[in-house]
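Colleague: Given next are the chains, with one letter for each unit.
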Amino acid sequence: MLDIRYKDKNYLSKYDLDVNLFSEFDLLVYDVIPVRKVFILNTDKGDKVLKKVNYSTSLLEFINYGLEYIKNNNFNRIIEFEKTKSKLIYVPWKDDMYCIMDLVKGRECEYSNPVDVMLTSRAIAELHKASEGLIHQDAFKVLLQKNEQRYLCGKIIQNYNKKLEELIFFKNIATLNENKNEFDYIFLERVQYYEENIIQSINILKGSEYYKLCNEKEKVVFCHHDLAHHNILINNEEVYFLDFDYALIDLKVHDICNFTNKAIKDFCYDIEKCHDIINEYTSVNALDDRELKVLHGMLSFPEDFYSISKDYYTRKKQWSEEIFLSRLKKKVEYKKDREEFLESFKNYYNC
Amino acid sequence: MAISIYNDFSDYMMFKGIKNVEVIEIKDKSLDLDITEKLVIEQFGAIYDFHKKSLGFNGYLRNRLNNNTGKTIEQYKISIKKLTGDINNVKRDQPKNSYEELIIKYGKQAKNRGEECIREVYRANYLEILKRSMRRGEICLGNTNFQNLRKSNLIEVVSFENCSYNMVEMDCFLLLSKLKRKGVKLDFGKLVKEFCYIEGLDESSSRFLIALISYPHEFMKCCNRYREGKRRWHVDRFSEKIIKALVQDGDSLF
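Residue numbers (this note's numbering), protein chains in the order written: chain A, 1 to 351; chain B, 352 to 605.
Simulated from the structure, these hints should not be mistaken for laboratory data. Among these hints, one or two may not hold up.
What the hints assert, rightly or not - Beyond 12 Å from chain B on every Cβ pair, some chain A residues (computed):
1. Phe22
2. Glu24
3. Glu61
4. Lys71
5. Glu132
6. Arg190
7. Lys336
Claimed, not checked - Which residues of chain A face chain B? A few of them, derived with a C-beta cut under 7 Å, are:
8. Val29
9. Ser112
10. Asn113
11. Leu119
12. Phe267
13. Cys268
14. Asp304
It should be emphasised that the depicted structure is a prediction, and the values quoted were computed from it without experimental measurement. Where a beta carbon is used, it is the ideal one built from N, C-alpha and C, also for glycine.
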């Protein structure tokens, strides 16, 4: 065994690397290489990726249908599932389910590289364009009914209200805690401000034409929803998207908000980066003023503070106290830059 | 087609003929101040030989290779923004100590110089330089000091731990920026041109390097340390450092 520590070794150790599993896919595997939470397989049919899937077959079918539709609309820079001998895209194996995909070669997107950010934004626009009309496919409608939670269009205000209630719930937990730690104190000191942020975000959305947009078919697309740098690979100036586990149906601005937040938060909420993202996106896929206003409302939601609080108080992530604390501190430090960014965004796009 | 798998990027570089050595002895410890242009140009040769071997790597690594493309420029932009905030805060609340008085006195000129450097970086076709670097799959050594890299019969490297995807210009920048800040008297304009000639880079790379080397690195570093409070130095130490930084950063080269 190699003397190398893997960050995801606990997760990876739960894989069953059985040759009989590989033979279900009619593959002869020569070598396996762990990368993040998957294994790269060196096989007789080329390099593949083995992934343990933690959700239902109906959700996998939902994702696969979306991906196939996108590919049929000439966007091929997404994952391709390997079929089993029985022409399925997965194999139920013991208590788990495994998928194998073609390996995409490329470098992970780096948000400090403006070219990577611009190429990715353009590619998101192309991905969205290729998914237009998907929700009107009868077969997909059936899959949507089975995966109702993946239809977010029209639910954002309800969703933000729920998150506001959760934040208040976490506040109650922290307040009741008799042995408060540094995380609790910082959280309690700041939570009121972020509650107001959520209310502000809801008010912007209520004042926008959000519901009207949700009824316009070309505005509603298949969103990736997890545009983290490691889910975006770049090769020869072409962008490939991986890991559609969290894909859902929503307005185009959903992904733009998700990507923008990730791409700017470590760079003092640089408005120029945001302009680049929007310019590149709209060079392929137009956004109207109403969408930009909704985007402003979405960006105003304090996603970072909400998620670190949720991860901490629900113990969703197995991080140490120090990690939680340092991440919380980092996120609350953004406050001023974030405020300036939102103000600049509002003025620049006349929201 | 079989994939090439390496534990670490250093394994690949050794496979390509780079020699990993324990230490590179420097005969004279005070060498830095005696460094000649000839020595620097020889070091450029070693850097170029390293780049020739690292370029276009497309195997798999169990220990991933960092991607530092664009990080220095983004970090420089962040420092400027934070310094702007510091100046405004100190002005608003009045300077509380000698360090803050120095920030009021010298901060604005450092900020302006930093901003001008970043503007020049973009005027020097920064985006095209990035695209070229991405297309060619450029990988930098990250530590191009004389103690880490040497050309003898083979290319010798002590540590590969700072290797990363990056523009090849950054390996020159790291070397020249340090020498300039150490006060070594060299014709940096000529050296930058020499590096670009050796690497086959065009005029925009020279402009880019001159702009980056001119950035007030030490001044910003000192301000960042004071703001972050990571160094528990007495305020007088910060004041001394900021005065020293003005000397170390010297004049802009453009």
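Colleague: Each hint should be assessed against the structure and marked as holding or not.
Modeller: Structure-based check of all given hints:
1. Phe22: 16 Å, holds
2. Glu24: Holds, because the least Cβ-Cβ distance between Glu24/A and chain B comes to about 22 Å, which exceeds 12 Å.
3. Glu61: Label holds. Min Cβ-Cβ 31 Å, cutoff 12 Å.
4. Lys71: At about 24 Å from chain B, Lys71/A clears the 12 Å cut-off, so the statement holds.
5. Glu132: 30 Å, holds
6. Arg190: 19 Å, holds
7. Lys336: 7 Å, violated
8. Val29: Interface hint status for Val29/A: violated (12 Å vs cutoff 7 Å).
9. Ser112: 4 Å, holds
10. Asn113: Result: holds, 4 Å to nearest chain B Cβ.
11. Leu119: 9 Å, violated
12. Phe267: Cβ of Phe267/A sits 6 Å from chain B, so the hint holds.
13. Cys268: This interface hint holds because 5 Å falls under the 7 Å limit.
14. Asp304: 17 Å, violated
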